[in-house]
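Construct the complete structure from the given sequences, taking the supplied hints into account.
Number of protein chains: 2
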Amino acid sequence: MNFLEEKILTAGVIKDGNILKVDSFLNHQIDIDIIRQMAYEIKRRFRGVSVDKVLTIEASGIAIATLLGDLYDVPVVFAKKSETANSTDDKYVSSAYSFTHKRLNNVFVSRPYLSAGERVLIVDDFLADGEAVHALIDVVGQAGGEVAGIAIAIEKGQQKGGAMLRAEGYRLESLAIIESMDWENQTIRFRSQPERHLADTGIKPL
Amino acid sequence: MNFLEEKILTAGVIKDGNILKVDSFLNHQIDIDIIRQMAYEIKRRFRGVSVDKVLTIEASGIAIATLLGDLYDVPVVFAKKSETANSTDDKYVSSAYSFTHKRLNNVFVSRPYLSAGERVLIVDDFLADGEAVHALIDVVGQAGGEVAGIAIAIEKGQQKGGAMLRAEGYRLESLAIIESMDWENQTIRFRSQPERHLADTGIKPL
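Taken in order, these protein sequences are the chains called A and B. Following my numbering, the numbering of the first sequence begins with 137 at its first residue and continues without gaps. Following my numbering, the numbering of the second sequence begins with 137 at its first residue and continues without gaps.
Careful: at least some of the hints might be erroneous.
It does not matter which identical chain is used: a pair holds within one copy or between any two.
Unchecked claim - Below, computed lysine-lysine pairings styled on BS3-like, alpha-carbon distance capped at 27 Å:
hint	residue 1	residue 2
1	K143	K227
2	K227	K157
3	K227	K151
4	K216	K157
5	K179	K227
6	K217	K227
7	K296	K179
8	K217	K151
9	K238	K227
Quick caveat, the hints were computed from the structure, so don't treat them as lab data. Just so we're clear, the structure is a prediction, and the values are computed from it rather than from any experiment.
Have a look at this one:
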């Protein structure tokens, strides 16, 4: 079991509706030790892969992307979300359905910040149906760039995003892959791991 | 002239309506060298001040806050914005008017992530009328915490936020303070600096 799977067991909470809350260390409060380890582990897994830019989407991906940009010493770009952004000459625009907010978001990056030939590492905190990642792949493609790889903190292995991206031939590295979760018993099974109990159902501070 | 003032002169763009665009290095694309220098400079200015937590607001403040959390080795919390969040038992809620989006946003932090007695360093990319910073001060106060200081990348010195916060007795450190900007001539004057021309009116990649 790796550091992130251990952290999910001790600090994660399973909510009704197949929702894993990791607010206490990943997407509201940020446990800097965990995020730092994530960045090092992602860089280790992509050893030998050349990266010109790190691309994420606001807001929860920014912390990991920033530490990765620091490690690789390359610029970080965060795509913006908007309900209203129109396709214009100065932006690459794609769209992604948000299951959290139950709406279609436009995802955009201003043209000067993605270039033809750039090797882009896409990073995000969660991968479920792959909507956000596919939108990011789309904007990289529009710019004539190349996806160097996709790095995810937590992949929901029961949802289709991971399988699709692997079938499409992308190099996808997810630090923790959830195979199944049980809200009533507060148990979780990570891919290639036995089922485990979460430590507690209460949200705890660090 | 410091590194950030220099970067604004070479990569910033003044738009009609007193808007300084720094998308190319601060709030869309992130120039990792600049953000790293900001974090070190903020820590230097607050030397001797003890900090238990770094608090910012999504999304543009997260990158600087993450590198500061890394330097201080403390957790980072990013307050969330929502048009709809209600005050509930599990959140500290305040509100801030967004001049960018022309609406009142609720700003909230889940209760477990701010605690009584904690010394909190508030960080943000811009300070104008101080709406967001005052909302963050409010949630720290609701939690019984203490504001250790306020660190800002770019303060718009013509707007009231900086003067208010200093009058209220907060220790405020802004890395660049804009005294005046002229859209037509693309000139800018930083506090304690002579007026300068921006390098170019086109948005340039790094």
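Index of numbered hints that the structure contradicts, given in increasing order
Of the numbered hints, just 5 does not hold.
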